[in-house]
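Please build the complete structure, drawing on both the sequences and the hints.
Residues per chain are reported as follows:
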Amino acid sequence: MPTTLPSPPEDGPTGPTGRSAVRTLLRLWPYVRPVRARLCAAASVAILASCVGLVIPLVLKWLVDGPVADRDGDGVARGALYLLLLGVAEALLFGLRRWLVARPLSRVEAQLRADLYAHVQRLPVAFHDRWASGQLLSRGTTDLMLLRQFLAFSLTFLLVNGVTILVGMVVMLLQDWTLGLVMLAPAVPLVAFSAVFEKRYARAARLAQDQVGDLTTVVEESVLGIRVIKGFGRHRSQARAFRELSWRLRDTELRKARLLASIWAVIMTLPEVAIGATLVVGAVQVADGSLSAGTLVAFLSTALALRWPVESIGFLLAMSQEAATATERYFEVMDAQPEDLSVRPAGGPPVPAAADGLRFENVRFRYPDAPPGSPPLLDGIDLHIRPGESLALVGATGSGKTTLTALVPRLHEVTGGRITLDGRDITTLPREELRAMVAVAFEEPTLFSASVADNVLMGGDGDTDTAELHRALAVAQADFVHTLPEGTATQVGEQGLSLSGGQRQRLALARAVVGRPRFLVLDDPLSALDVHTEAAVEAALRQVLAGTTALIVAHRPSTVLLADRVALLSHGRIAAVGTHHELLRTHPEYAHLMSGRSPAGEEEDDR
Amino acid sequence: MTAPTTSAPATGDPDGVPPARESGQDTGDPFDRDVLPTPPGATAALLRSLLAPMKARVAGTTVLLLLQQAAVQAGPLLVAYAIDTAVPAFRRHDHGPLAAVAAGYLLCALAAGGLQGAFIVASARVDQDVLLDLRGRIFRHAQALSVDFHERYTSGRLISRSTTDVESLRELLDEGLQELISVVLSFVSISAMLLWLDAGLGAVAVASFVPLYLLVRLYRRRAGRVYRERSTAIAAVIVKFVETVNGIRPVRAFRREAANDAEFRVLNRRHERVNGDALLEMARYVVGSRLVANTAVAGIVLWGAWRVTDGSLELGVLAAAVLYLRRLYDPIDRLGMFLNSYQSAAASLEKIAGLLAQTPSVPEPAAPRQLPPARSHLPGREVVFDGVRFGYRTGGEVLPRFDLTLPAGQTVAVVGSTGAGKSTLAKLLARFYDPTEGRVLLDGVDLRDLPMPELRRGVVMVTQEAFLFSGTVAENIALGRPEASREEIERAAKAIGAHDFITTLPDGYDTDVRKRGGRISAGQRQLVGFARALLADPAVLILDEATSSLDIPGEQAVQRAMATVLRGRTAVVIAHRLSTVEIADRVLVMEHGRIVEDGTPAELIAGTGPFAGLHRAWRDSLA
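Which chain is which? The protein sequence lines are A and B, in order. Counting from 1, position 192 in the first sequence corresponds to residue 192 in this note's numbering; the numbering is continuous, with no gaps. Counting from 1, position 480 in the second sequence corresponds to residue 480 in this note's numbering; the numbering is continuous, with no gaps.
Hints listed in this document are in silico derivations from the structure and should not be mistaken for laboratory results. All values derive from a computational prediction rather than experimental measurement. Each residue gets a CB set at the ideal place from its N, CA and C atoms; glycine is no exception. Any given hint might turn out to be false.
[Said to hold, decoys possible] Label-pair restraints from in silico Cβ distances: (1) R418(A) with P37(B): 54 to 62 Å; (2) Q358(B) with V577(A): 49 to 57 Å; (3) G41(B) with H119(A): 43 to 51 Å; (4) P368(A) with A258(B): 20 to 28 Å; (5) D115(A) with R57(B): 41 to 49 Å; (6) S498(A) with P37(B): 34 to 42 Å.
Pasting the structure below:
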């Protein structure tokens, strides 16, 4: 199956951009800013703690060489007390560093996640059509965890270890500048090697993160599509896709490991060679008397003390690279333009909101990612649904009916022409107001993890009461809710009771009609209902439709008959408008769609 | 512990988050609370079984690490040798020893670096293979679990198990092995050294392990709880995220953004809180263990110094012991990091083990049987429901006991209102469920005795939700038969009338359907679903509301295909549109789980039963 998942989607920059890791990470500043004091304090505490850690051995040496050697009982006691105090201080500083950042960094992570979620919710529907949800999700989970680790650990220790190395270098240069220069020699190749490493590692890290996103997508699909997989028994092809992807991820991870191994090897070997060289040079100097053995020992112990800070640079850099690519992935989504909420000022004198119904004026639409040169899906739609009128929309499968309905609540934006509600261009209405005016029932009745009542009432304007809830349920013939374990308080949706397609469709319909919206858009609202229920819903809907301006996508004559008139959508245009019976008589394509008789007019057996 | 950190609001936050709505804690359902029971010892057993095949490689990796440590530790010895031996020798113009030092140091440097690199690669191989194994197990097991399990577990949680939970095991493996080995190594070697230097001092040092051990135990208990909570919390965040992204259209149309933000904030805050709790738990452990270690150092030094003053201990021994003591406790922080990743991984593994412990409610047969060769020239097979009764595990009978025989090649329409049990009947035949009592036979073979691949060659079910997977249209159709050629795929699409719309897609059959077929309409998806079924070419075909979104010409194309391509198959068709009945040989009318009418369409229409009424209503609806 999905052997080649697009990763990342084409509108995102692919792979690491030319931007340096530092510049990428700097984009996190607005999030880190509120906790900058804590972070700085934690870094200072970490430096202080390592200083205390360095003092303790000195006290030990002093204790052994002084009071103990002198058999000075008081001195020993005092020394032990110092030791204890320093030990307690060290312990507290260690804890303090962690305590300082624990809550703030969890907060930074949570803030990043909340912002991502809020942003993702507000991105255009077209964006979601292109991005696999696993890719979005992995940015909100594993990537953010990497960022927290980076802020909590790598950043602090890059600083602390960097400072330690610098100080150590200065100390060594002061002790003996020739030996110090020998020690410094590997710095140049190390920096060069690190630069190469960074670039390669960033690429591998990015690939691994994208592959985790793909893997997430496969897992998600294999659950959402479980009925298809079970129905066809093709666990295997899905399993194969999963296996391929997880092997690919393994290979990428191993490539990362090999890169990491190479930098570790270099970072361990070069300074060690330098220490060896220093030892030999120093030994020669000691031998010819130009250097004291004590200085050489002190010099070398400083060098050995720097071993860990230097070695740690390798994996700290690696972690920073990973954090940088995670940041990059995060901002790829955050940089996507959210739905433009600006309201176009109504041109000319304000149109009084006179009842004018729903108008499509020369509406054209093509999907932004449609191949260039392809004809628009909707190419000049002119349609007027009069106030209080209901109009059925009929068209062949894939003719653009659902797309047309999505234009009214502005889930997609028209490419040309305009749509007006009671004379007001929908682009001049605030989104909130527009979507409150227009209620929609989608082809796929999605219920959220909430109670039945919440699911239905979310269609209303917030102050709809129980009576209205029951009216809406009655219209949609959703009486079954009263037999659910907790009635309208029963949890449904992904994390609740699973309902049948027909039941979900009726709840979605109730959601659309609750609160008596002025405009109603129903996309094939009765497809999953049985004949009796359908008839009952139709009878009730007629009452509702009497006072509502409605656009109803229909596949069946029974649904068409709910409407006052019917429009035929064909080749991106409205080919005909009239009553069902008129069109049935006069329009062969319509007759074909509604009765199955072939458009050529040759009479198939009409039973 | 008297550390100031205890004042931090780590546990029992007063700003207790209001119980998240979906956690449904009032019901106590393990699914709702995301706490599937994990059998005792299952977590450890899982870890063992993951690591068992790696034994030799883990041993090899350990050897690499030991050698690497030896190379690193040789440095100071060479320094001592250089100063004590090589320098005097050099003064005597004997350059040999210094050259040996130079060569030795170079060798050690290269060995340390090289071995470190080798160790990283070797341990990454072990880690990645363990993770690969674990991911695969979760995935395969989840796929084997039945549909009703998935309906309750939710995709978000399963994603969480196979991403964030696997990730925490990865952290353990990445750092854990190295940490653990070096910690154990230094504890053992330094304790031995101390004991050898002076039994008394050594014994005190070893005795200090007791409070450390208690501390570790306390930490493990507390951190275990926090990490379990964290794993649940992140899963809840993921569930909400997935639900929102998948329902983006209604989210927008019904202006759910602000309400969702608020709900997400609650879940996200809960995760933030337990995440902080976990970090603070670690901070406490670090403070505690450092305090124990530093107090022990001070105490041992004091006692040793006192013994030196009264002459029962050599000064040199104390000096050496003091230097070793510091190094004894050095790895304590690393032990903390190891414990931290271990606890986090253990909590995740527990959740994973809980998932893996779920047994499929429709297990694979222990003694699989094959279907007998087709009895007649017809490709269809006979289906028998033999004394079948079905009720949910929670009680509540859906289908009372019934017997039913569908002869090979018959097309049977099942009608009835929502909740009459039609889909349950279909799911029993497709073996999504097993009957509570009785058996379902395909050409005389109990479905429970058929291995899955064999069963799916026999029975294929097409449901209302024609789910499209990422990949091309052709790949989606080929789901019915992965080895099918392009020609066969196109033939299936043509037979069902899907070819025309597919060729108008940007890349025809190679068009990527992207996210769940974003741009392909519901009707077109159902056509693709049908093409799958045609390609699968089963003996028994079940259509459960599979034509609900098709327009009338589409439905007719399906019926034509059934009359031609699928001719002779046994077919069970559930549809609200009675047009399907036209092509049926037989109609079953169901009410409240019972078959109340059974006969040919003509017979039933002519009669006075429920079907005659339904049919009249439907004819009226056609206008």
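A quick look at each hint next to the structure:
The supplied range of 54 to 62 Å is met by R418(A) and P37(B), whose beta-carbon atoms lie about 59 Å from each other. At roughly 56 Å, the beta-carbon separation of Q358(B) and V577(A) lies within the given 49 to 57 Å, and the hint holds. At roughly 44 Å, the beta carbons of G41(B) and H119(A) sit within the given window of 43 to 51 Å. At roughly 27 Å, the beta carbons of P368(A) and A258(B) sit within the given window of 20 to 28 Å.
In this structure the hint that D115(A) and R57(B) lie 41 to 49 Å apart at CB holds, the actual value being about 43 Å. Remark: the range hint 34 to 42 Å for S498(A) to P37(B) is contradicted by a beta-carbon distance near 22 Å.
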